[in-house]
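Visitor: The listed protein sequences derive, respectively, from chains A and B. Numbering follows our numbering, in which position 773 of the first sequence is assigned residue number 773; successive positions increment by one, without gaps. For our numbering, add 897 to where a residue sits in the second sequence, where the first one is 1.
Derived from the structure by calculation, the hints contain no laboratory data. Since the model is a prediction, treat every value here as computed from it, not as a measurement. Some clues are possibly wrong.
Chain A is nowhere near these chain B residues, computed Cβ spacing over 12 Å in every case [stated by the list, open to error]:
{"id": "1", "residue": "T916"}
{"id": "2", "residue": "E920"}
{"id": "3", "residue": "S921"}
{"id": "4", "residue": "A949"}
{"id": "5", "residue": "S976"}
{"id": "6", "residue": "K979"}
{"id": "7", "residue": "A990"}
{"id": "8", "residue": "L995"}
{"id": "9", "residue": "K1004"}
If you anchor each label on the Cβ, the simulated ranges turn out as follows [what the hints assert, rightly or not]:
{"id": "10", "chain 1": "B", "residue 1": "Q933", "chain 2": "A", "residue 2": "W488", "range": "54 to 64 Å"}
{"id": "11", "chain 1": "A", "residue 1": "M55", "chain 2": "B", "residue 2": "E920", "range": "55 to 65 Å"}
{"id": "12", "chain 1": "A", "residue 1": "L450", "chain 2": "B", "residue 2": "E986", "range": "13 to 23 Å"}
{"id": "13", "chain 1": "A", "residue 1": "S93", "chain 2": "B", "residue 2": "D962", "range": "43 to 53 Å"}
Just so it is clear, CB atoms sit at the ideal spot from N, CA and C, and this is done for glycine as well.
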Amino acid sequence: MRWMDVLRMAGRWVLRRGTAEGELDAELRFHLERSVAEKVAAGMPEERARRVAMMEFGGVENMKEECRETRKGNWLHDMAQDLGYGARMLRKSPGFTVVAVITLALGIGANTAIFSVIDAVLLKPLPLRQPEKLVALWETETAPGQYPLTGHDYVKWHEENGTFESMSLYSWPNTYNVRGGEETAGATVLKTEANFFSVLGVQPAIGRTFANGEDQKGGSKVAILSYGFWKERMGGDRDAVNKTVQLDAEPYTVIGVMPAWFRVPGKADVWMPLDMDKGKLVASGNHQWKAIGRVKSGVTIEQARADLRRIAAGLEKENPDSNRSVSAIVVPMRDAVIGHSDQLLWLLFGAVGLVLLIACVNVANLLLSRATGRRREIAVRSALGAGRGRLTRQLLTESVMLSLAGGVLGVAAAYGGVGLLRSVLVRLVPQPNPVQVGGASLLFTFGVCLVVGVLFGLAPALQSSEVASSEALKPKSSGVGTAGRRQWLRDALVAGEIGLCLMLCVGAGLLLRTFANLRAMDLGIHGDDVLTATVRLPETTYKTFDQGLGFYRQLLEQLRGTAGVNAVAMSTSLPLVAGVNGYITIPGRQAEANTGPLVQATSIDGDYFRAFGIPLLAGREYLPSEHEVAAKFMREISVVKTEAEARELAKKYTVAAVINQSMARAFWPNENAVGKIFNSFANFQVVGIVGDVKQFSPRTLVMPETFYPIEWDMANPNRPYSIVVQGTGKPENFIGELRSAVQGRDASLALMEVRTMPQIVGESMADTQYQTCLLGAMAILALILAAVGTYGVMSYLVRQRTNEIGIRMALGAARGQIVGMVLRQAGMRVAIGIVLGVLAAMAAGRLMTGMLVGVKPIDLPTYVGVAGLLAVVALAACYLPVRSAMRVDPMVALRDE
Amino acid sequence: MSKPTDLVQGTLDLLILKTLALESMHGWAIAQRIRQVSKEVLQVNQGALYPALHRLENNGWIRADWGESENNRRAKYYSLTKAGTKYMEKEEANWERLSAAIGLVLKVG
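With these hints in hand, go ahead and build the complete structure from the sequences.
Guide: Written as structure tokens, this is what we have:
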């Protein structure tokens, strides 16, 4: 409705504008002529009468402008006029316009790109039905943290709660061997309860999701594909439904394909129905399941949490052993998906905000310099009847035009940049919604343009329109000395710009130091020449312990014989790739079950320690006979029926274990740990102690860790194992040999997660690396902008003082004196900027605490380095204009006066 | 340019409306009429007159039509609208009340 009015008004105005102006002219001319006629009638000569009448009449243009002001729809006319003037002014100084627009485009483009990410990740709701009702379910344990559910607890929660509309269980991601075409590859598979997708409230792009009952009796052999998997493996076949895919050498019928954006609660390639055998689930006491829930309408998440905690408390009473300290953790799905990535995003948003502010300061400075040159134009306009408000509006229109032009260019840049950002951020930030420059981003950018245009345009506009016409119209009013207030504003802008830049550089510097600290950290390994890959044996062909062990033993034997290979091993986890952990007890010590430090448990075979260069500090590695003990135990326990029998059997066995130094120190301080016994289901005897290796990431502490013979972890031969090959030359050189060795034994097997150890190390610090890159890029951008800005202001100031410099030189001042004079003037601003920046950075630095390693947010070397860098850059930016001023011939400078 | 300090804005509006109440006139004639009627006391400056006319027209209190002037020239004639008459009556009453009040105060003083 309002738009219609505006359109109508605009139309009328366009049609009528010509006539209205003509009528005004005619009306005033008529008046003038009557006045002349009257004077002539009174006996005045006509020429004189005309002159007198004109004088009586006063400023015609002024009056016209006042008449126009009263007209309705006039703002539209003014705006069109302002736009016209603005366009003309910007065209007239293309250099200024180009520099200003590019500066703004950089700032606005960066903001648009980062906002697109924030919008997709933090602002938009999850793309699911009523996402605010969805929760992720976890359990507590004696140790702090959140743990997966036991099948038993899930069944009880499901049955006894009164607050959930529905719940759904799903598995940890597992990797399956996919056969298709030439290559065999790995696919991430999630097994879910049949109602999984309806609980989430998401429809497939093609086909259907699981039907009721498909998760019964072992689960149907059906599969739902991710969009990416469907594109890659089935060529995006529209008739994929009812076709089959080979997963772990078994055919699965495709029943549906999920939409491209779907990656909640996590990314997966294939979904399969879980075997929801209630008896098996209730009997399972392992914390191995994940679950989601949908809260009933009218029930808050707090109420649902209280409900589950009540049930958990009851279960704890019933089963004091297995359920001790087990309670419910209910996390809103949004928080579960986003995790802690909001911290990084807001930091980035702050950083691009600072870059934009610096860009604004630069453009404001440019405008101020130009405003001085335009003082006469403004004064003429004001003398011709333009009101102060009108002038301010005119100048603001110009600056908003600039910012909109910058915005258009910036959005174009953001379109390109967002793709890059998406791939950079993919490791750091989950993207539940696709990251793209969409409607919200464009709206945001438009708002930013308006705000920014007013922001950098306001100060110059107010100042310009203040100019007294009488003063400005005097010839040569741009000589020595500038108005105090304008100078003050300019100084503040330079100082502010340097301060903002310093904040960003300090942030980037802190991350850079963190990254350097991580790189320098002792991981406990020498893995530069190690290649690793994952192999998983499908259940259909490898059912027993001996089948599994046989395969791997032969594989390792074959690899050992490969030319150039020094050490070959296999393991259940790798350095920096967290494995499983659990509790141990020590016979004779007063300790309850499930307490004490958690111990990482890794099972290994072959030359694991030698391959990674992990030193043996005491004792020895396993003897072949000790591998045999573990194998014998596994064969016997595989035929045991009840858990009680299994426990009884376990008591009879003592398996050899190698432990790390931290474990020796934690459990046997001041004692020789070699030969000591500990208990974890079976008995273990420590035969050797090896050096500590970081298990999670370079920044986390080393946990106590025990290494078991691989047989201990092959009750299920179908779990994934890592193969480790260390040899001479580049580790990548062995990929081909490794693949042919694996697929030569079984062509249905995929070589998955093929990575060299340096790659794994790199990935473990990828978050810091990307954070450093992103913040570093912004800091460099800010530095360039600040340098350009400072240069612009200084060259303007020096130009203004050219006369003065000429006079001083003519009077015999030494060059050094003059350079010193100008640099002192600049130095003050830079120094104030640095002090302000340091204070602001100290205040803002605390936000980064969680990202830093080995360096405090207030780090003296970083601050000193960054301040020094900025001082050098700023003074260099000052020096160039000074040097050119020195070249001025004093006579020329004086004559100019 | 200087504002008509001799006439308060509202007053000028009232004078124009009152003048137009008799018949429609062009700007020049309005200024002349006010001068004559006020026995040369009130000089209406053109710089104030025309903006005031345009404002009144915009408010819908007067209407403008082009017509022939006394000496066969095209001129813009202003006339009072219904809303203008109402407005004028209200303002006139206001003015009379105000001037009466001022008169009272002055007499007592």
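Visitor: Now tell me, hint by hint, if it's right for this structure.
Guide: Checked hints:
At the 12 Å boundary, the C-beta of T916 of chain B stays outside the reach of chain A, the nearest C-beta of that chain being 15 Å off. Listed as a non-interface residue, E920 of chain B keeps its Cβ farther than 12 Å from every Cβ of chain A; the least gap is roughly 17 Å. No Cβ of chain A comes within 12 Å of the Cβ of S921 of chain B; the nearest lies about 14 Å off, and the non-interface call holds. Separation of A949 of chain B from chain A is inadequate, the least Cβ-Cβ distance of about 9 Å not exceeding the 12 Å criterion.
Every CB of chain A lies more than 12 Å from the CB of S976 of chain B, the least distance being 15 Å, so the non-interface label holds. At roughly 20 Å from the closest C-beta of chain A, the C-beta of K979 of chain B stays outside 12 Å, upholding its exclusion from the interface. With a least CB separation of 25 Å from chain A, A990 of chain B remains clear of the 12 Å interface cut-off, as annotated. Listed as a non-interface residue, L995 of chain B keeps its Cβ farther than 12 Å from every Cβ of chain A; the least gap is roughly 25 Å.
Interface exclusion of K1004 of chain B from chain A stands, the closest Cβ pair being 38 Å apart, more than 12 Å. With their beta carbons about 58 Å apart, Q933 of chain B and W488 of chain A fall inside the hinted range of 54 to 64 Å. At roughly 31 Å, the beta carbons of M55 of chain A and E920 of chain B sit outside the given window of 55 to 65 Å. Between L450 of chain A and E986 of chain B the beta carbons are some 46 Å apart, a value that contradicts the proposed interval 13 to 23 Å.
Separation of S93 of chain A from D962 of chain B is about 47 Å and conforms to the stated range, judged on CB atoms against 43 to 53 Å.
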